[in-house]
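All chains should be built: construct the whole structure from the sequences, respecting the hints.
In case you want the letters, here they are:
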Amino acid sequence: MTADVVIIGAGPAGLSLAIGLAQLGVCVEIIDEGQTAGGQVYRAVSRNSSNKQLLDWLGLDYAKGAAVVSDAQKLDRISWRMATSVWDIRCEDEGIELGLVVDGKVSVVKSNHVVLATGAMERPTPFPGWTLPGVVSMGAAQTLLKDAGLLPEDGVVLAGQGPLLYLFASQILAAGVRPKAVLDFAPKWVAPKNLPLLARALISSGKMIAKGLHLRNQISAAGVEHLFNVKRIEAFGDDSLNRVRYLHRGVEKEVETKLLLVHDGVIANTHITTAAGCAHNWDKQQAAWIPRRNTLGQTSCKNLWMLGDGAGIAGADAAVLQGRIMARAIAMKLDLSPPYGEHQNRADLQALSRITILRRFLDRQYAPVAAFSNPPDETMICRCEAIKAVEIRTLARSGCMGPNQLRAFSRAGMGPCMGRQCGGAISRIMAAETGQDIADIGHFSIRTPLKPVTLAEVASLHKVEP
Amino acid sequence: MFKRARNIQSKVSILFDGQPIAAEEGETVAAALFAAGILSFRQAPEDDSPRGPYCMIGNCFECLIEIEGLGGRQACQTRVRDGMVIARHRGLATVEAGS
Numbered sequence: 001m002t003a004d005v006v007i008i009g010a011g012p013a014g015l016s017l018a019i020g021l022a023q024l025g026v027c028v029e030i031i032d033e034g035q036t037a038g039g040q041v042y043r044a045v046s047r048n049s050s051n052k053q054l055l056d057w058l059g060l061d062y063a064k065g066a067a068v069v070s071d072a073q074k075l076d077r078i079s080w081r082m083a084t085s086v087w088d089i090r091c092e093d094e095g096i097e098l099g100l101v102v103d104g105k106v107s108v109v110k111s112n113h114v115v116l117a118t119g120a121m122e123r124p125t126p127f128p129g130w131t132l133p134g135v136v137s138m139g140a141a142q143t144l145l146k147d148a149g150l151l152p153e154d155g156v157v158l159a160g161q162g163p164l165l166y167l168f169a170s171q172i173l174a175a176g177v178r179p180k181a182v183l184d185f186a187p188k189w190v191a192p193k194n195l196p197l198l199a200r201a202l203i204s205s206g207k208m209i210a211k212g213l214h215l216r217n218q219i220s221a222a223g224v225e226h227l228f229n230v231k232r233i234e235a236f237g238d239d240s241l242n243r244v245r246y247l248h249r250g251v252e253k254e255v256e257t258k259l260l261l262v263h264d265g266v267i268a269n270t271h272i273t274t275a276a277g278c279a280h281n282w283d284k285q286q287a288a289w290i291p292r293r294n295t296l297g298q299t300s301c302k303n304l305w306m307l308g309d310g311a312g313i314a315g316a317d318a319a320v321l322q323g324r325i326m327a328r329a330i331a332m333k334l335d336l337s338p339p340y341g342e343h344q345n346r347a348d349l350q351a352l353s354r355i356t357i358l359r360r361f362l363d364r365q366y367a368p369v370a371a372f373s374n375p376p377d378e379t380m381i382c383r384c385e386a387i388k389a390v391e392i393r394t395l396a397r398s399g400c401m402g403p404n405q406l407r408a409f410s411r412a413g414m415g416p417c418m419g420r421q422c423g424g425a426i427s428r429i430m431a432a433e434t435g436q437d438i439a440d441i442g443h444f445s446i447r448t449p450l451k452p453v454t455l456a457e458v459a460s461l462h463k464v465e466p
Numbered sequence: 001m002f003k004r005a006r007n008i009q010s011k012v013s014i015l016f017d018g019q020p021i022a023a024e025e026g027e028t029v030a031a032a033l034f035a036a037g038i039l040s041f042r043q044a045p046e047d048d049s050p051r052g053p054y055c056m057i058g059n060c061f062e063c064l065i066e067i068e069g070l071g072g073r074q075a076c077q078t079r080v081r082d083g084m085v086i087a088r089h090r091g092l093a094t095v096e097a098g099s
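Those protein sequence lines, which keep their order, are chains A and B. Per the numbering used here, residue 1 is the first one in the first sequence, and the count goes up by one each step. Per the numbering used here, residue 1 is the first one in the second sequence, and the count goes up by one each step.
Each hint should be verified, as a subset may be incorrect.
Pairs of lysine-lysine residues, derived as DSS-like cross-links and limited to a Cα-Cα distance of at most 27 Å, are as follows [to be verified]: (1) A:Lys180 x B:Lys3; (2) B:Lys3 x A:Lys52; (3) A:Lys74 x A:Lys333; (4) A:Lys231 x A:Lys253; (5) A:Lys253 x B:Lys11; (6) A:Lys253 x A:Lys284; (7) A:Lys388 x A:Lys333; (8) A:Lys231 x A:Lys180; (9) A:Lys231 x B:Lys11; (10) A:Lys64 x B:Lys3; (11) A:Lys64 x A:Lys180; (12) A:Lys110 x A:Lys451.
Simulated from the structure, these hints should not be mistaken for laboratory data.
Below, the structure written as structure tokens:
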């Protein structure tokens with residue numbers, strides 16, 4: 001491999017870092033599962049740049065991603081491995097080894113410097129009935145809109161909370177979709193105890209708060225029922241969803257729908273950092289695990305760096321800033337003169353700290369939904385192996401020594417998703433049942449393969465002469 | 001249910017459980033089936049419950065489906081090709097007693 005630095009993830013963080021490094025003469029290789037660059041937030045943005053109608057619906061904050069993508073694509077020193085999954089990562093003293101799979105072909109690459117820009121995932125939302133077809137995450141529906149131009153049909157119900165709920169509601173309203181209801185778990189007003197955080201956020205990022213309020217107001221302005229402080233939901237149906245029951249102001253009600261979109265914020269996706277053996281901290285503010293990093297962005301694994309939402313949620317604009325800041329750090333490490341002057345670096349750091357102040361308010365205002373954090377006994381926690389909350393609780397109470405032992409006893413977390421969807425819930429439920437701190441409970445360990453590869457594909461790596 | 005915001009621009013045809021389905025060239029298998037009104041992609045091997053795509057970003061593995069004879073493929077990460085043969089998973093795989 002000729003690249004000096006390998007970046008995993010072609011979202012705003014990875015692209016911004018690649019641009020900074022390439023401008024300095026560093027050869028960079030970007031690996032991404034997507035067909036096109038942009039990550040989840042700017043998914044398919046260059047392909048959509050000629051589709052004015054779609055761009056109108058998705059808004060300027062999406063459309064602006066096209067510039068980041070095309071800036072990166074103009075640089076010769078950036079090479080691309082798209083539609084490529086990383087199924088193995090090994091951090092050794094002599095370098096980092098990555099197992100890749102593209103279109104059924106497996107290969108192994110080695111690099112001295114690997115940067116993870118692997119991004120976020122939606123916080124899973126376990127509730128009774130959430131495995132029914134027709135219950136889909138809100139981020140998934142947005143991905144379908146960006147990637148395939150699919151819209152939810154009229155009568156869709158939106159449930160959960162967080163900025164994406166308001167953003168996506170406004171996007172589909174702009175497209176003329178008529179949702180049946182928005183079941184908002186957040187309160188309408190900011191709680192008094194959060195007002196100091198709101199005040200600071202207003203000073204640092206007043207425009208963003210105004211934008212959020214504007215998006216939220218679109219819902220009732222369109223005549224769509226927008227209920228606040230919803231406490232619980234439950235999905236019903238036979239082969240697929242046909243109705244949703246919810247608790248609002250102490251009264252249980254039902255709404256008929258074929259499609260329920262659910263969201264409870266986003267968290268760092270720590271699957272690959274866990275597999276690599278990075279140390280993680282439980283972040284109380286984001287209620288999620290995040291990989292431990294030094295101030296430069298180096299993880300606890302030698303030569304493995306990390307930036308963007310995968311290192312803690314801060315959003316696309318922060319990711320771009322982080323990319324520029326890290327380009328400077330890596331350049332200095334490689335004994336090159338930094339790509340951006342001290343002046344630019346200071347401005348980037350200041351902009352980043354303004355976003356951090358806004359994030360503190362958002363994390364508090366949209367703290368994880370209690371009904372999803374502590375779901376009823378009959379809720380499917382491990383969707384892959386069909387393990388319910390009651391089984392997790394029973395094992396936790398009977399003295400199971402942490403998530404890994406619980407996994408061995410119950411098979412929870414052993415299915416195809418390898419604990420991506422249930423890992424957080426299992427640690428949380430064990431902590432609640434045993435009265436321990438989640439930081440002490442810990443999380444699943446993760447092993448290769450991170451993505452499905454066939455035995456034949458792996459075997460093809462080691463050709464043995466007869 | 002999902003609908004297409006605009007008509008198919010560059011049509012390909014895929015087969016789902018023997019039924020031909022029109023799809024947009026380059027879209028994912030999951031998007032093509034959703035657009036055709038198919039939400040349930042498989043029966044879970046553990047309890048036979050119906051399942052379909054949940055996250056669309058390759059994380060939840062609920063969209064697993066049989067593509068070109070190979071089971072357990074991620075429909076949300078696989079792009080359609082003209083003539084692609086796709087089948088629903090039905091519970092646990094069975095193995096015939098060998099001779």
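Hint compliance check: list the failing hint numbers for this structure, sorted ascending. 5, 6, 7, 9, 11
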